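Engineer: Dock chain B against chain A, hints included.
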Amino acid sequence: DGGITQSPKYLFRKEGQNVTLSCEQNLNHDAMYWYRQDPGQGLRLIYYSQIVNDFQKGDIAEGYSVSREKKESFPLTVTSAQKNPTAFYLCASSPMVVGPQHFGDGTRLSIL
Amino acid sequence: AQSVTQPDIHITVSEGASLELRCNYSYGATPYLFWYVQSPGQGLQLLLKYFSGDTLVQGIKGFEAEFKRSQSSFNLRKPSVHWSDAAEYFCAVGYMEYGNKLVFGAGTILRVKS
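As you go down the protein sequences, you meet chains A and B in turn.
So the mapping is simple: my numbering equals the position in the first sequence, first residue as 1, plus 234.
So the mapping is simple: my numbering equals the position in the second sequence, first residue as 1, plus 17.
By construction, these hints were calculated from the structure, which means they are not laboratory data.
This one's a predicted model, so the numbers in the text were calculated from it and none came from an experiment.
Incorrect hints may appear among the rest.
Stated by the list, open to error - Derived SDA-like pairs (lysine to any residue); straight-line CA-CA distance at most 20 Å:
#1 A:K291 - A:V253
#2 B:K118 - A:P329
#3 B:K118 - A:M330
#4 A:K291 - B:Q19
#5 A:K243 - B:P57
#6 B:K118 - A:L261
#7 A:K243 - B:S56
#8 B:K118 - A:I294
#9 B:K118 - A:G276
#10 A:K243 - B:M113
#11 B:K118 - A:K243
#12 A:K291 - B:P57
#13 A:K305 - A:D288
So that you can see chain A by itself, here it is in the shape it has in the complex (with noise of 0.2 Å):
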């Protein structure tokens, strides 16, 4: 079955430490978002790639980082930077026009 593959579904940070989140997706879509999860407040966009090699920021992107180098693959690195990583992270992608987004089960970060 296609679909998107995150992992690990829990990670723990320590201080000073960055760690990254894998996302995978076998559905032949162009677009790949990450979004970060807080309770009520919805879903806020991080990072967003729509072609290989070529990713925007979204609105909460400062203590993140991303790489588009398949388009399979679009892990999330979250750096030291980001002083409030505890949070559940979501992967998604869709096709290039408007449309649907499908999503991962998602990676539950905390700190040590």
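Structural biologist: Below, chain B alone, put in the same frame as chain A:
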């Protein structure tokens, strides 16, 4: 700027009762509208979408939604709620001129009492 408002943070309904979750969008252009559902610790699942045409759209799990341009609304309804419908529901809007980015509401948590 685009925004989506879901006025109700929590809603509690009895099993078997009808349900309506409210969603309003702010931007005046022709929107593309979506409803998603999220169970705890899971990703979002698409319930239904509106692009054009008939303003009453049917979705999965017995849900429907009606697009009302005059009220800038896209409310989600279900005639009879089941205990398994307890979850968080998100409304989202997109616009052709903004590409394939979506703006999400803050969500409504549905509790079902037996």
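Engineer: Does each hint hold? Answer for all of them.
Structural biologist: Hints, verified against the model:
As the CA atoms of A:K291 and A:V253 are separated by approximately 19 Å, the hinted pair is consistent with the 20 Å bound. Pair hint B:K118 plus A:P329 holds up; C-alpha atoms about 11 Å apart against a cutoff of 20 Å. Only pairs whose Cα atoms come within 20 Å are accepted, and B:K118 paired with A:M330 is accepted, the gap being roughly 10 Å. Simply put, A:K291 and B:Q19 have alpha-carbon atoms about 17 Å apart, close enough for the 20 Å limit, and the pair holds.
Taken as a hint, the A:K243 and B:P57 pair is honoured in the structure, with Cα atoms around 13 Å apart against an allowance of 20 Å. The straight-line distance between the Cα atoms of B:K118 and A:L261 is roughly 18 Å, inside the 20 Å bound, and the hint therefore holds. Distance hint between A:K243 and B:S56 is fulfilled; the C-alpha atoms sit about 15 Å from each other, no more than 20 Å. For the hint pairing B:K118 with A:I294, the CA-to-CA distance comes to about 14 Å; that is within 20 Å, so the pair holds.
At roughly 15 Å between alpha-carbon atoms, B:K118 and A:G276 fall within 20 Å of each other, so this suggested pair holds. Taking the CA atoms of A:K243 and B:M113, the gap is about 33 Å. The hint is violated against a cut of 20 Å. Of the supplied pair hints, the one linking B:K118 and A:K243 is violated, its CA atoms being roughly 25 Å apart against a limit of 20 Å. Taking the CA atoms of A:K291 and B:P57, the gap is near 28 Å; set against the 20 Å cutoff, the hint is violated.
Pair hint A:K305 plus A:D288 holds up; C-alpha atoms about 11 Å apart against a cutoff of 20 Å.
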